[in-house]
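Here the structure of chain E is known, so what remains is to put chains W, G and V in place on it, guided by the hints.
4 protein chains.
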Amino acid sequence: MIIVLRPDAAPEAAQQILERIEAAGLKPLHMPGSERVVLGALGDERVLAELQLESDPRVESVKPILAPYKLVSRELHPHDTIVRIGGMAIGGGRFEVIAGPCAVENREQLRNTAVAVKAAGASGLRAGAYKPRTSPYGFAGHGPAGLKLLREVGDETGLPVITEVMDTADLDIIVNHADALQIGARNMQNFALLRAVGKTRLPVVLKRGMSAKIEELLLAAEYLLAAGNEQVVVVERGIRTFETATRNTLDLNAIPYIKQKTHLPVLVDPSHGTGIRDFVAPMALAAAACGADGLLIEVHENPAVALSDGAQSLYPHQFEALMATLRPVVKAVGREL
Amino acid sequence: MIIVLRPDAAPEAAQQILERIEAAGLKPLHMPGSERVVLGALGDERVLAELQLESDPRVESVKPILAPYKLVSRELHPHDTIVRIGGMAIGGGRFEVIAGPCAVENREQLRNTAVAVKAAGASGLRAGAYKPRTSPYGFAGHGPAGLKLLREVGDETGLPVITEVMDTADLDIIVNHADALQIGARNMQNFALLRAVGKTRLPVVLKRGMSAKIEELLLAAEYLLAAGNEQVVVVERGIRTFETATRNTLDLNAIPYIKQKTHLPVLVDPSHGTGIRDFVAPMALAAAACGADGLLIEVHENPAVALSDGAQSLYPHQFEALMATLRPVVKAVGREL
Amino acid sequence: MIIVLRPDAAPEAAQQILERIEAAGLKPLHMPGSERVVLGALGDERVLAELQLESDPRVESVKPILAPYKLVSRELHPHDTIVRIGGMAIGGGRFEVIAGPCAVENREQLRNTAVAVKAAGASGLRAGAYKPRTSPYGFAGHGPAGLKLLREVGDETGLPVITEVMDTADLDIIVNHADALQIGARNMQNFALLRAVGKTRLPVVLKRGMSAKIEELLLAAEYLLAAGNEQVVVVERGIRTFETATRNTLDLNAIPYIKQKTHLPVLVDPSHGTGIRDFVAPMALAAAACGADGLLIEVHENPAVALSDGAQSLYPHQFEALMATLRPVVKAVGREL
Amino acid sequence: MIIVLRPDAAPEAAQQILERIEAAGLKPLHMPGSERVVLGALGDERVLAELQLESDPRVESVKPILAPYKLVSRELHPHDTIVRIGGMAIGGGRFEVIAGPCAVENREQLRNTAVAVKAAGASGLRAGAYKPRTSPYGFAGHGPAGLKLLREVGDETGLPVITEVMDTADLDIIVNHADALQIGARNMQNFALLRAVGKTRLPVVLKRGMSAKIEELLLAAEYLLAAGNEQVVVVERGIRTFETATRNTLDLNAIPYIKQKTHLPVLVDPSHGTGIRDFVAPMALAAAACGADGLLIEVHENPAVALSDGAQSLYPHQFEALMATLRPVVKAVGREL
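Chains as they are written, first to last, in my numbering: chain E, 3 to 339; chain W, 3 to 339; chain G, 3 to 339; chain V, 3 to 339.
Okay, chain E solo, but in the shape it has when bound (with noise of 0.2 Å):
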């Protein structure tokens, strides 16, 4: 960590933060110069960033030198973490695709659905019975019923299920019928959630928040591994920006980015990422791509008619045009689909 001292601080302000790093157990630096004054601190940052340096109003500026998390990070574990859902193995060398409607609405949509995003090659099934809805008057989806329904589906077509969780009280009863836990966007910062999560055993997709810088992502991994939870997969599901012409801006520079800093896989979800049903597809294509382990993406039996999330949803067809299309891609990238 390097300090950086206002021009104005007294002279005596540097040795004693100096000792205050000493006592931490961290190597000090002295670093004076014409300008300013540095000091640095070697060691372990997460012992310095509990001295919030920071806050001392002789201090200008504060510059981490090391990532914020650990247990997340290629740099201790440099091995690719593997997570395995049912029959899926996400981050190997195979390319795996996770589709489903966005809510669990009833058996026949979800059957209907189910089946076909299996037909086409879909190795997961994704639903939501605990919908989180920006307005009151949304469907909030059917809750137990709904999971109930998933598990059923889930059972007869033999596709693993992953559902969404959004709540620590509702989390016993989603552990008891999900095969994986999905956290979305606007809950990647709860932090009382990813820490009950944490100490579940089922693996965990963990949605990148709107506006949620990638190290934050990371640190959110981390909360859920520092909770004892190892089999976590990251997702890119797009950012909010200025540009309006799309629902959210997929951000694929994310993949490469997340693949260099952490062993952990990570997912990308074209169909939030754009919110138009007609980009979906091209940007499935992007992430695959990029180095991307597998894809998240929604397919309704008849989107015109969906509860939520129609506008973005795949009508079969085009999931299993979408399938054709993604093959040669995936091969041509040195991965199986």
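Certain hints may be false.
If chains are identical, the list can't say which one is meant, so a pair holds when it fits in one copy or spans any two.
Unchecked claim - When the alpha-carbon atoms are kept at most 16 Å apart in a straight line, the in silico EDC-like pairs for lysine to aspartate or glutamate are as follows:
hint, residue 1, residue 2
1, K263, D10
2, K72, E218
3, K72, E37
4, K263, E62
5, K263, D280
6, K201, D10
I should point out that these hints are in silico values taken from the structure, not numbers from a laboratory.
Same frame as chain E, but now just chains W, G and V:
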């Protein structure tokens, strides 16, 4: 609501969609133009939202005419709501200042800070017992022990206490210790929490999410009112933008916008809005000048050793100076401090 | 165009505004609802824009139905435009790669880089003689001397040369030396420059501004076409967002969006789009996968000593490796490299 | 400047880079830590920037210690610069208000508006003869004829006139007609224009680009000072964010930040900063409260028929009311209007 059809929509599309509109009990309108067919649907737009017309592949775009919120809207409820927290009346002619440390650290720190802010003119005390922290290694608050200290210091000083609730599981104990509940920026769209807090009878201080549009903030408030709690104060606390010179970008445009659209009172938090101690006072003055109903300010007896948010916390003497410069500005805009 | 009146607009407001619409030669529509009066104006929306109805204090909002651009629109011109620069045909079935250093530094640097990128399969050479630099103390290019070198190396290697024009005063000399003109991100809305470049007959490579909406990019292209130049290629090069892990956020959503809305070809610049050498290759592959017509890539014979943009410039061997991994991806999406 | 090496950098990398630093005349520092080797380079950071050390593949990151601007910095020039435009003294104890229409439309419109704003207390007149317009079909100003009218009305009313220059080719004629030159948001990084304007002796009003960091605004100002023109006023006029409720997000945090970092005066433009007539007055008051040196406000004799920016232009009676509410706020913060 205005529905624009795609140029390639079949001629019968208009008729079919108009029938859906009519079946939903709304007044349909047909506007065939030379380049696009435009349809209208007049009536309660929340019903229309359920039709999910944007999911129809023959629809190019759907443009709402009315705001998606209702209970918080000034159209239905033209008079200002006044929220009472202890002796404070937020939203009337007074300008109220709530101050205190980021977190309850210990009895002495809390009491000294509380005594200082009260002496300087604050009328409410804020401090967290449960702290959201980006890293799992940060200080996360003392929980129940912190709540107890907060209640005691509140009683001792006569200041009503406002504290954050982060999880539905903690709600009962917090309700028993606090005079008002704060919902933090990261939980603005924690809908399970909004519903649970809406069922309490404590006033709520709802902070804008760091990437929330104002409309989404008002919809989050709508959750609270829809659940039965009308004592809601919204807070502008800075949004996330490309600018890195400050921690957030304080969006003061939001103040006159919110005052125009809703009857709920609005506070400004210049501490999080800037993240930098030196800029808290000017932004507090700006907030008073543009119509805010009060401030939420972080003050610590010794910010240089604060366990969190020290860099944006004022020293007691700085808070006192701020209150002195604030009074003439508040008076200049016709309010009382 | 849809015009929504304020709830407090006087009854005669609708009539007066409808008369203005009719007087402008458009078809007026009146839709009185219970909560708002909505007016419609069908016809050429560019005429309507001139009415500036949003300025009327009785108007709450104005919602356009049609895109504000016309000449660049695929609605009027459904077939893909192919832009020819030397032997390149951008926008047809081929995938074209333009590569070269950020700036012309000296003959040896330029020639070595050009020879290397040609050998690896690039079909165009890019390099700047006039460089926009954030600081007045940065290297701003060699101007006319740089142009001369660029022309010579282009002729020697047989690569067409693309170079940036920053000021109308430099246009004549650049036109005499280049095969295509680049308008940089910072000048995307330099309207005097757009008009002047539109009057030349050289192909134009127009980069998206770092905070430009796609619609604004297409309107900037519309300036060029309106001035008579139809040989326009647009470039996605990353937008400015809150994310600081990469220099910009490459917005690949823009590719299918642009291909849907306009007949003009589109390139991707993953060098500026990421700002980081290691991420150029994966983003180049992603661009190919999602439908871009080619790439603009920075390559330098020795980036470690480059005078500008070295951190995002590829070494020649990295560019060669990129071209090798690119070929199967380009082929997988049905194009030729 | 602090240079962090990659964990995999060879041991000799540090030595080689330290030699480059020393050869550039700077003081090198070596800080070998357990996880990273950190190097320091003390001295003039502008020299260091030329080393482009971030381009070296062995370097992980480069962290500047000092600001990249110098002439505009308050560190070198602690006293406030006062910029004089006609009778105005911007940057001293006074609070100056420049008002007028977006564009010169005709003599009557300009004269009526000028007379009205002068009567209400404005001390400068703004109006454009050359207008940047997003669409090529918008009104782009009357050019030289507009300049002539502006000069005449300025002389008639005794108000100094400020007008925008968009192209180096127009500079001579504008210099002959105006009292101060405005560089608009879209041209903040038109470096050819900055250099040319820097060579004139007219005061310059430099607007922040809509996605410019404050540091970039100050570097644009540095271009002007480096070219010899020290009469520079910078303007906060709103930045582009995800929020669509207002045209831009007025970043008032920038005001105390700019006042801390530079000796140049700063104005606020609440018209562009909000884009909505109703919010101009509250944001004008906020600007005065937080330390701005004055305002730039759009006023039109009849905004409902304005050829541009009508929706954000005040009616003369609204401007008069604003000035009345502004006076006590300006006085409350110890200034004079």
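Results of checking the hints against the structure:
In this assembly of identical chains, K263 and D10 lie within 16 Å of each other by CA distance solely across copies; the values are 14 Å between and 38 Å within a copy. When the C-alpha separation of K72 and E218 is checked against a cutoff of 16 Å, the pair qualifies only within one copy, where the shortest distance is 13 Å, while the shortest distance between copies is 34 Å. Proximity of K72 to E37 under the C-alpha cut-off of 16 Å is restricted to the inter-copy arrangement: shortest distance 12 Å between copies versus 34 Å within a copy. Within a single copy, K263 and E62 get their C-alpha atoms only as close as 29 Å, which misses the 16 Å cut-off; across copies the closest is 12 Å, which meets it.
For the homomeric pair K263 and D280, the shortest alpha-carbon distance between copies (12 Å) is at most 16 Å, but the shortest distance inside one copy (32 Å) is not. For a Cα distance limit of 16 Å, the shortest separation of K201 from D10 qualifies neither inside one copy, at 49 Å, nor across copies, at 35 Å.
Checked against the numbered hints above, the structure breaks only hint 6 and satisfies the rest.
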